[in-house]
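Participant: Here is what each chain is made of, one letter per residue.
There are 2 protein chains.
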Amino acid sequence: MKKRGVKRGKAVTVALVQMACGPNPAANLAKAMERIRQAARQGARIVCLQELFRSRYFCQTENDAHFSLAESIPGPTTRALAKAAAAAKVAVIGSVFERRGEGLYHNTAVVFDARGRLVGKNRKMHIPDDPCYYEKFYFTPGDAKPGFQVHALAQAKVGTLVCWDQWFPEAARLLALQGAQMLFYPTAIGWHFRDGPAIRRSQTEAWELIQRSHAVANGCFVCAVNRVGREGHLTFWGGSFVADPFGQVIAKASSHDEQMLLAACDLGKIDYTRRHWPFLRDRRVDAYGGLSQRYLEKD
Amino acid sequence: MKKRGVKRGKAVTVALVQMACGPNPAANLAKAMERIRQAARQGARIVCLQELFRSRYFCQTENDAHFSLAESIPGPTTRALAKAAAAAKVAVIGSVFERRGEGLYHNTAVVFDARGRLVGKNRKMHIPDDPCYYEKFYFTPGDAKPGFQVHALAQAKVGTLVCWDQWFPEAARLLALQGAQMLFYPTAIGWHFRDGPAIRRSQTEAWELIQRSHAVANGCFVCAVNRVGREGHLTFWGGSFVADPFGQVIAKASSHDEQMLLAACDLGKIDYTRRHWPFLRDRRVDAYGGLSQRYLEKD
Chain V
607 MKKRGVKRGK
617 AVTVALVQMA
627 CGPNPAANLA
637 KAMERIRQAA
647 RQGARIVCLQ
657 ELFRSRYFCQ
667 TENDAHFSLA
677 ESIPGPTTRA
687 LAKAAAAAKV
697 AVIGSVFERR
707 GEGLYHNTAV
717 VFDARGRLVG
727 KNRKMHIPDD
737 PCYYEKFYFT
747 PGDAKPGFQV
757 HALAQAKVGT
767 LVCWDQWFPE
777 AARLLALQGA
787 QMLFYPTAIG
797 WHFRDGPAIR
807 RSQTEAWELI
817 QRSHAVANGC
827 FVCAVNRVGR
837 EGHLTFWGGS
847 FVADPFGQVI
857 AKASSHDEQM
867 LLAACDLGKI
877 DYTRRHWPFL
887 RDRRVDAYGG
897 LSQRYLEKD
Chain A
607 MKKRGVKRGK
617 AVTVALVQMA
627 CGPNPAANLA
637 KAMERIRQAA
647 RQGARIVCLQ
657 ELFRSRYFCQ
667 TENDAHFSLA
677 ESIPGPTTRA
687 LAKAAAAAKV
697 AVIGSVFERR
707 GEGLYHNTAV
717 VFDARGRLVG
727 KNRKMHIPDD
737 PCYYEKFYFT
747 PGDAKPGFQV
757 HALAQAKVGT
767 LVCWDQWFPE
777 AARLLALQGA
787 QMLFYPTAIG
797 WHFRDGPAIR
807 RSQTEAWELI
817 QRSHAVANGC
827 FVCAVNRVGR
837 EGHLTFWGGS
847 FVADPFGQVI
857 AKASSHDEQM
867 LLAACDLGKI
877 DYTRRHWPFL
887 RDRRVDAYGG
897 LSQRYLEKD
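Protein chains in written order, with the numbering used here: chain V, 607 to 905; chain A, 607 to 905.
Note that these hints are calculated values from the structure, not bench results. A few of these clues could be false.
[Claimed, not checked] Once the Cα atoms are required to be at most 20 Å apart in a straight line, the calculated SDA-like pairs of lysine to any residue come out as: (1) V:K742 - V:K858; (2) V:K616 - V:V855; (3) A:K751 - A:E811; (4) V:K751 - A:G895; (5) A:K751 - V:A693; (6) V:K904 - A:G753; (7) A:K858 - V:A804; (8) V:K637 - V:A693; (9) A:K751 - V:K858; (10) A:K616 - A:R881; (11) A:K858 - A:R721; (12) A:K904 - V:K858; (13) V:K751 - A:K858; (14) V:K763 - A:R881; (15) A:K616 - A:E811; (16) A:K742 - V:L902; (17) V:K751 - A:L902; (18) A:K904 - V:L886; (19) A:K763 - A:R721; (20) A:K742 - A:T667; (21) V:K858 - A:K742; (22) V:K616 - V:R887; (23) A:K904 - V:R887; (24) V:K763 - V:G726; (25) V:K742 - A:D670; (26) V:K689 - V:G722; (27) V:K616 - V:K742.
[As the list claims (entries may be wrong)] Ranges of calculated distance between the beta carbons of each label pair, as one might list FRET restraints: (28) A:Y901 - V:R900: 24 to 30 Å; (29) V:A617 - A:G802: 49 to 55 Å; (30) V:A692 - A:R807: 40 to 46 Å; (31) A:Y901 - V:A750: 17 to 23 Å; (32) V:R900 - A:G681: 36 to 42 Å; (33) V:Q899 - A:Y901: 30 to 36 Å; (34) A:N630 - V:R881: 32 to 38 Å; (35) V:R881 - A:G707: 42 to 48 Å; (36) A:D892 - V:D892: 19 to 25 Å.
[As the list claims (entries may be wrong)] Among chain A residues calculated to face chain V with C-beta under 7 Å, some are: (37) Q644; (38) T810; (39) E814; (40) Q854.
Note that beta-carbon positions come from the ideal geometry of N, C-alpha and C, so glycine has one too.
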């Protein structure tokens, strides 16, 4: 395919905070607050934290005691995030275990602008359930109308999706169709201690690949933020990354160390890429109705 | 994620015929027929040819003389394919420039069973238009109802999509939802002679990545078949490959040589992979209605 040079546009520096989490939520929260300040000092305009950064990944077991980790929005964590965003003058994407009501809990991404205002939230839509990831026990799936919603920051239009949402092309597409320029995926995914090297490699490959494919299919930036470190049976594989609108990885973090991953994202690349790879032009919207079905057996 | 060993299931050997095409359609057709025989001798049960294998890739210019390359179905090419399939006792997936009626032309994938019967066809749904790929001039987009249809061969349920269709997650998903176990993508894609090495690399990467992502998202096999060789301004990049249901490449062809790529596809891997990565279980079909829209601006 014949391609011309990129015309430079507005660049937005993002920071992805890849952390290990200890047993003390207050300490994890304090660490995240400090990382937000650091990111701002290093020039970030949008800082994204990993999924459920305030605690260890408690979904490895089904234990009703863990519900006490949840909090309402607004609540202590979102107030802290708002304060950190305003103080550092950066937009912040966080993740909270949300108590929406008695017996009603969500895994929720929250977006604050650089003045500390809550611009929007997205409750995790696709909930996994797999040994060591017993999330269906804890989290009610999101029920917003529409189900996937974009948030306009001064820096960019952003879409947030949470971990398991990352495996579903539908979710990324629906945000891109709303004008999302950057998709953020706060994540907690790791290897089971029994997984051998080949399985580990195939898992991290598939995980990076599916998210890069959302960048390609939609011509937008994709930022994935994962935790690191051993917790119980799982070793979280880090590997946070930023992909450009043609799926090229422009920044990538370690698989085992804490890291602040910075990347300058030239938003001019979005229109440029889509002009050369005009998938949005050619979608067959007349033929996609079956996507709202579970399965399409022939009778 | 904790994973157990794969239970072996039914293995189907596929052959992807990666060819260079000369100026003489009869010679290209004869070469393809010979490759089908070879593939069968080597144990293939399904043979897939590249997009528009009977001619050079004529869409590099808009020239109405090229319409004379088209033929009806049935026509000489599909009769030859049917005969080759029956003689070699293999299923064959071919690609024809179809003349459906006066002034009505399609880019059509055709599927023959091992007895040479036409099991089905898929007219290319998404039509590109880009310098050197002036396909909107030649091809009317497919209009089947439903738009994407699976074909049951004795070997496997197969879905066929054609080249540009490969960039659209919607297409792969709609075939998987109909039970497709293997997706075949006959393709003609290459580098423009002005493209530098970095652009070439990013293009082949994105091309492989988006198709592997369909394997991951849907837990099925993906087989991409591309041509090789220089034709006019384009050098077709070959690189035909087979990906397993977790997106791992299990066979990959050269970027510059003709090749018969064989791969044994264990269909037992499909259910195995989906049990461990149960994306079909968790799709939010209640929230995907917007996918049938062109764009979702807020008012």
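Participant: All hints, please: hold or fail.
Facilitator: Status of the hints after comparison with the structure:
A distance of roughly 30 Å separates the Cα atoms of V:K742 and V:K858; the hinted pair therefore is violated under the 20 Å criterion. Taken as a hint, the V:K616 and V:V855 pair is honoured in the structure, with Cα atoms around 19 Å apart against an allowance of 20 Å. Of the supplied pair hints, the one linking A:K751 and A:E811 is violated, its CA atoms being roughly 33 Å apart against a limit of 20 Å. Taking the CA atoms of V:K751 and A:G895, the gap is near 11 Å; set against the 20 Å cutoff, the hint holds.
Restraint check for A:K751 and V:A693: not satisfied, since their Cα atoms lie roughly 57 Å apart, outside the 20 Å limit. Proposed proximity of V:K904 and A:G753 is supported: the alpha carbons are some 14 Å apart, at most 20 Å. Restraint check: the Cα-Cα separation between A:K858 and V:A804 comes to about 19 Å, which is no more than 20 Å; the hinted pair holds. With a C-alpha separation of about 15 Å, the suggested pairing of V:K637 with V:A693 holds against the 20 Å cut-off.
A distance of roughly 44 Å separates the Cα atoms of A:K751 and V:K858; the hinted pair therefore is violated under the 20 Å criterion. Proposed proximity of A:K616 and A:R881 is supported: the alpha carbons are some 17 Å apart, at most 20 Å. For the given pair, A:K858 sits about 28 Å from A:R721 by alpha-carbon distance, which is inconsistent with the 20 Å threshold. For a cut-off of 20 Å, the pair hint linking A:K904 to V:K858 is broken: about 33 Å separates their Cα positions.
Note on V:K751 and A:K858: the hinted pairing is violated, with a Cα-Cα distance of about 44 Å set against a maximum of 20 Å. For the hint linking V:K763 to A:R881, the alpha-carbon distance of about 35 Å lies beyond 20 Å, and the restraint is violated. Under the criterion of a C-alpha separation no larger than 20 Å, the hint pairing A:K616 with A:E811 is inconsistent with the structure, at around 31 Å. Between A:K742 and V:L902 the alpha-carbon distance is near 30 Å, which puts this suggested pair outside the 20 Å criterion.
At most 20 Å may separate the alpha-carbon atoms for a hinted pair to count; V:K751 and A:L902 meet this at roughly 13 Å. The straight-line distance between the Cα atoms of A:K904 and V:L886 is roughly 17 Å, inside the 20 Å bound, and the hint therefore holds. As the CA atoms of A:K763 and A:R721 are separated by approximately 16 Å, the hinted pair is consistent with the 20 Å bound. A C-alpha spacing of about 11 Å is found between A:K742 and A:T667, which places the hinted pair at or below 20 Å, so the restraint holds.
Note on V:K858 and A:K742: the hinted pairing is violated, with a Cα-Cα distance of about 39 Å set against a maximum of 20 Å. Using a Cα cut-off of 20 Å, the hinted pair V:K616 and V:R887 is violated, with the two alpha carbons roughly 23 Å apart. Under the criterion of a C-alpha separation no larger than 20 Å, the hint pairing A:K904 with V:R887 is consistent with the structure, at around 19 Å. Note on V:K763 and V:G726: the hinted pairing holds, with a Cα-Cα distance of about 12 Å set against a maximum of 20 Å.
Our distance criterion of 20 Å between C-alpha atoms is broken by V:K742 and A:D670, whose separation comes to about 58 Å. Simply put, V:K689 and V:G722 have alpha-carbon atoms about 6 Å apart, close enough for the 20 Å limit, and the pair holds. The hinted pair formed by V:K616 and V:K742 fails the criterion: a straight-line CA distance of about 40 Å is larger than 20 Å. Taking the beta carbon of each, A:Y901 and V:R900 are about 26 Å apart, inside 24 to 30 Å as hinted.
The hinted range of 49 to 55 Å is not satisfied by V:A617 and A:G802, whose Cβ atoms lie roughly 23 Å apart. Checked against the hint of 40 to 46 Å, the C-beta distance between V:A692 and A:R807 comes to roughly 43 Å, which is consistent with it. Roughly 19 Å separates the CB atoms of A:Y901 and V:A750, a value that falls within the hinted 17 to 23 Å. For the pair V:R900 and A:G681, the beta carbons lie near 39 Å from each other, so the given range of 36 to 42 Å is met.
Between V:Q899 and A:Y901 the CB atoms are about 23 Å apart, so this pair departs from the stated range of 30 to 36 Å. The beta-carbon spacing between A:N630 and V:R881, approximately 37 Å, falls within the hinted interval of 32 to 38 Å. At roughly 34 Å, the beta carbons of V:R881 and A:G707 sit outside the given window of 42 to 48 Å. Hint check: A:D892 to V:D892, Cβ distance near 21 Å, so the stated range 19 to 25 Å holds.
With a cut of 7 Å, the hint placing A:Q644 at the interface with chain V is violated, because the nearest CB-to-CB distance is about 32 Å. The criterion of a C-beta within 7 Å of any C-beta in chain V is not met by A:T810, whose closest approach is roughly 11 Å, and the hint is violated. Hint status for A:E814 relative to chain V: violated, with the closest Cβ pair at about 10 Å, above 7 Å. For the restraint placing A:Q854 at the interface with chain V, the shortest Cβ-Cβ distance is roughly 6 Å, inside the 7 Å limit, so the hint holds.
Going through the hint list in order, the structure does not satisfy hints 1, 3, 5, 9, 11, 12, 13, 14, 15, 16, 21, 22, 25, 27, 29, 33, 35, 37, 38, 39.
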